[in-house]
Each structure stands twice: as C-alpha cells, then as structure tokens.
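A.B. asks: Throw the hints in and build the complete structure from the sequences for me.
Protein sequence lines correspond, in order, to chains A and B. The opening position of the first sequence corresponds to residue 1 in our numbering, with each subsequent residue numbered one higher. The opening position of the second sequence corresponds to residue 1 in our numbering, with each subsequent residue numbered one higher.
Calculated directly from the structure, the hints in this document are not laboratory data. Check each hint, because a few of them may be wrong.
Stated by the list, open to error - Pair by pair, the computed Cβ-Cβ distance ranges are:
{"hint": "1", "chain 1": "B", "residue 1": "Pro81", "chain 2": "A", "residue 2": "Glu15", "range": "46 to 56 Å"}
{"hint": "2", "chain 1": "B", "residue 1": "Ser73", "chain 2": "A", "residue 2": "Gln14", "range": "17 to 27 Å"}
{"hint": "3", "chain 1": "A", "residue 1": "Ala78", "chain 2": "B", "residue 2": "Thr38", "range": "40 to 50 Å"}
{"hint": "4", "chain 1": "B", "residue 1": "Pro61", "chain 2": "A", "residue 2": "Gln9", "range": "20 to 30 Å"}
{"hint": "5", "chain 1": "A", "residue 1": "Thr84", "chain 2": "B", "residue 2": "Asn52", "range": "33 to 43 Å"}
{"hint": "6", "chain 1": "B", "residue 1": "Arg9", "chain 2": "A", "residue 2": "Asn18", "range": "16 to 26 Å"}
{"hint": "7", "chain 1": "B", "residue 1": "Ser73", "chain 2": "A", "residue 2": "Ser12", "range": "34 to 44 Å"}
Unchecked claim - Output of the computed footprint for chain A on chain B, the stretches with three or more beta carbons under 8 Å from beta carbons of chain A:
{"hint": "8", "region": "69 to 81"}
{"hint": "9", "region": "103 to 110"}
As the list claims (entries may be wrong) - Okay, derived cross-link-like pairs now, DMTMM-like style, lysine to aspartate or glutamate, Cα gap no bigger than 25 Å in a straight line:
{"hint": "10", "chain 1": "A", "residue 1": "Lys56", "chain 2": "B", "residue 2": "Glu100"}
{"hint": "11", "chain 1": "A", "residue 1": "Lys59", "chain 2": "A", "residue 2": "Asp71"}
{"hint": "12", "chain 1": "A", "residue 1": "Lys70", "chain 2": "B", "residue 2": "Glu100"}
{"hint": "13", "chain 1": "A", "residue 1": "Lys59", "chain 2": "B", "residue 2": "Glu100"}
{"hint": "14", "chain 1": "A", "residue 1": "Lys70", "chain 2": "B", "residue 2": "Asp56"}
{"hint": "15", "chain 1": "A", "residue 1": "Lys59", "chain 2": "A", "residue 2": "Glu38"}
{"hint": "16", "chain 1": "B", "residue 1": "Lys68", "chain 2": "B", "residue 2": "Glu83"}
{"hint": "17", "chain 1": "B", "residue 1": "Lys68", "chain 2": "B", "residue 2": "Glu44"}
{"hint": "18", "chain 1": "A", "residue 1": "Lys56", "chain 2": "A", "residue 2": "Glu17"}
{"hint": "19", "chain 1": "B", "residue 1": "Lys68", "chain 2": "B", "residue 2": "Asp56"}
{"hint": "20", "chain 1": "A", "residue 1": "Lys57", "chain 2": "A", "residue 2": "Glu17"}
{"hint": "21", "chain 1": "A", "residue 1": "Lys57", "chain 2": "B", "residue 2": "Glu100"}
{"hint": "22", "chain 1": "A", "residue 1": "Lys56", "chain 2": "A", "residue 2": "Glu15"}
{"hint": "23", "chain 1": "B", "residue 1": "Lys24", "chain 2": "B", "residue 2": "Glu44"}
{"hint": "24", "chain 1": "B", "residue 1": "Lys24", "chain 2": "A", "residue 2": "Glu41"}
{"hint": "25", "chain 1": "B", "residue 1": "Lys68", "chain 2": "A", "residue 2": "Glu41"}
{"hint": "26", "chain 1": "A", "residue 1": "Lys70", "chain 2": "A", "residue 2": "Glu54"}
{"hint": "27", "chain 1": "B", "residue 1": "Lys78", "chain 2": "B", "residue 2": "Glu18"}
{"hint": "28", "chain 1": "B", "residue 1": "Lys24", "chain 2": "B", "residue 2": "Glu62"}
{"hint": "29", "chain 1": "B", "residue 1": "Lys78", "chain 2": "A", "residue 2": "Glu41"}
{"hint": "30", "chain 1": "B", "residue 1": "Lys78", "chain 2": "B", "residue 2": "Glu11"}
{"hint": "31", "chain 1": "A", "residue 1": "Lys59", "chain 2": "A", "residue 2": "Glu15"}
{"hint": "32", "chain 1": "B", "residue 1": "Lys24", "chain 2": "A", "residue 2": "Glu54"}
{"hint": "33", "chain 1": "A", "residue 1": "Lys70", "chain 2": "A", "residue 2": "Glu41"}
{"hint": "34", "chain 1": "B", "residue 1": "Lys78", "chain 2": "B", "residue 2": "Asp63"}
{"hint": "35", "chain 1": "B", "residue 1": "Lys24", "chain 2": "B", "residue 2": "Asp56"}
{"hint": "36", "chain 1": "A", "residue 1": "Lys57", "chain 2": "A", "residue 2": "Asp71"}
{"hint": "37", "chain 1": "A", "residue 1": "Lys70", "chain 2": "B", "residue 2": "Glu44"}
{"hint": "38", "chain 1": "A", "residue 1": "Lys56", "chain 2": "A", "residue 2": "Glu5"}
Bear in mind that the values here come from a model prediction, so they are computed numbers and not experimental data. We put the beta carbon where it would ideally sit given N, CA and C, even for glycine.
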Amino acid sequence: TQLLEQSPQFLSIQEGENLTVYCNSSSVFSSLQWYRQEPGEGPVLLVTVVTGGEVKKLKRLTFQFGDARKDSSLHITAAQPGDTGLYLCAGGGGADGLTFGKGTHLIIQP
Amino acid sequence: DAGVIQSPRHEVTEMGQEVTLRCKPISGHNSLFWYRQTMMRGLELLIYFNNNVPIDDSGMPEDRFSAKMPNASFSTLKIQPSEPRDSAVYFCASSFADVEQFFGPGTRLTVL
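C.D. replies: Shown next as structure tokens:
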C-alpha cells in the first residue's frame, strides 16, 4: 500500500506570511496531485505534477515534485484568508483511484 | 455543467437501518469513484468503476457495504445494516480517461 504523509497536520498563521507544507512517501508515484477542500465541499484539484523536479506555479502557490517522485511541497507566498482550507496531496489517479494523504488544515488569520 | 451530483447531502439514521447514497457523475465521464472521509482516517477510496464495471472494491470495509452502477449516469452506495462507526462524509468523484477527478459535494452520514 502506498502511503502519503503530510505535514504539518495543522497550521495557523497571520495574513501576509509565507508557508510551506509537505507531502512525503516511501513509494514512487507516476504523478502527484494537490487538492484544496473547503468546509462542506468536495476536494478541488489545484495542480498535477508528473516529472521529477517539476515546479508549477499557480499565482501565489508554488508546487514542487521531488526529483525521485516520492515527495512534494506546496509553498504559499503572502498568505491570504481566502487560502484557508484543507490541502490534500494524492498519488495515482486518472482511471485508478487516488491515494490521499490526511491533509494539512491551514488557517490564515486576518 | 452541473458537476457531480450527490444525494442526499445529509442523512441521519439509526443503527441497523439501511442507507443508500446516490451519485450522478458528470456526463461523458467513464470512471466513477466512491470515497469516505473521516478525521481519523482521512479520505479513503472505497470502490471505483470503469465503464460501469467495478474494477477495485478492496477498499470496501466489509460485506455490509455494496455499490452498483447500473448505467453511465447513476451509481449507489448501500450500507446494510448501518453502524455508528460508518458515520463519515461519503464522496463520489468522476473522471474521463486520465484527466482529473471531479468530486461531488459529499453526503454527511450520521448513524446513531
């Protein structure tokens, strides 16, 4: 079974600060996805990374896939209250089911 | 596009009762997934279908759980009999080929 460990589990910071959350595994993934989930809703895909060492940017969010394709990080610059949510990483996907980490609960305080 | 539709959004039932959760995937998608989310275990894949055929049900916790997909536009997840430990949010997701999975809003199930 492929497991994804996310850290930290909870993070509360002030608006304007920077932060990084991590997703680690002992297994190699062909691709890795990051989702954000808001209360009462399902997860929504933010990005998919497929190449070792790949870096993708989505406005203030920067996603990196480790060279060995076993880990990934999400960096948020100048966090805003709208960034609050549960951030989930997931491996696999497409025609197969996703394996999810337990997520990082992020709170950005105004 | 209405997205993935799930019903009901909330279900409260008593232990021992049968519960049926429903999902309508996005039109044209050929894969459908059922997930369960709890604080303790996170988001877990229960079963997924490809072209209406169950491919992997290894995540179904026990025989009390069953899922069907009679056609490309409808799937059900049934729990019979339900137990308090089944309380969770159940998500349905659909996808086409190797493109992203789209999740529904979930059904929050409470078994008393």
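A.B. asks: Confirm or reject each hint.
C.D. replies: For each hint, the structure was consulted:
| no. | hint | result |
| --- | --- | --- |
| 1 | B/Pro81 with A/Glu15: 46 to 56 Å | 48 Å, holds |
| 2 | B/Ser73 with A/Gln14: 17 to 27 Å | 47 Å, violated |
| 3 | A/Ala78 with B/Thr38: 40 to 50 Å | 33 Å, violated |
| 4 | B/Pro61 with A/Gln9: 20 to 30 Å | 24 Å, holds |
| 5 | A/Thr84 with B/Asn52: 33 to 43 Å | 38 Å, holds |
| 6 | B/Arg9 with A/Asn18: 16 to 26 Å | 36 Å, violated |
| 7 | B/Ser73 with A/Ser12: 34 to 44 Å | 42 Å, holds |
| 8 | 69 to 81 | violated (count 0) |
| 9 | 103 to 110 | holds (count 4) |
| 10 | A/Lys56 with B/Glu100 | 16 Å, holds |
| 11 | A/Lys59 with A/Asp71 | 22 Å, holds |
| 12 | A/Lys70 with B/Glu100 | 20 Å, holds |
| 13 | A/Lys59 with B/Glu100 | 20 Å, holds |
| 14 | A/Lys70 with B/Asp56 | 24 Å, holds |
| 15 | A/Lys59 with A/Glu38 | 19 Å, holds |
| 16 | B/Lys68 with B/Glu83 | 20 Å, holds |
| 17 | B/Lys68 with B/Glu44 | 18 Å, holds |
| 18 | A/Lys56 with A/Glu17 | 20 Å, holds |
| 19 | B/Lys68 with B/Asp56 | 12 Å, holds |
| 20 | A/Lys57 with A/Glu17 | 18 Å, holds |
| 21 | A/Lys57 with B/Glu100 | 18 Å, holds |
| 22 | A/Lys56 with A/Glu15 | 23 Å, holds |
| 23 | B/Lys24 with B/Glu44 | 20 Å, holds |
| 24 | B/Lys24 with A/Glu41 | 16 Å, holds |
| 25 | B/Lys68 with A/Glu41 | 24 Å, holds |
| 26 | A/Lys70 with A/Glu54 | 12 Å, holds |
| 27 | B/Lys78 with B/Glu18 | 7 Å, holds |
| 28 | B/Lys24 with B/Glu62 | 24 Å, holds |
| 29 | B/Lys78 with A/Glu41 | 21 Å, holds |
| 30 | B/Lys78 with B/Glu11 | 13 Å, holds |
| 31 | A/Lys59 with A/Glu15 | 16 Å, holds |
| 32 | B/Lys24 with A/Glu54 | 35 Å, violated |
| 33 | A/Lys70 with A/Glu41 | 28 Å, violated |
| 34 | B/Lys78 with B/Asp63 | 10 Å, holds |
| 35 | B/Lys24 with B/Asp56 | 19 Å, holds |
| 36 | A/Lys57 with A/Asp71 | 17 Å, holds |
| 37 | A/Lys70 with B/Glu44 | 20 Å, holds |
| 38 | A/Lys56 with A/Glu5 | 21 Å, holds |
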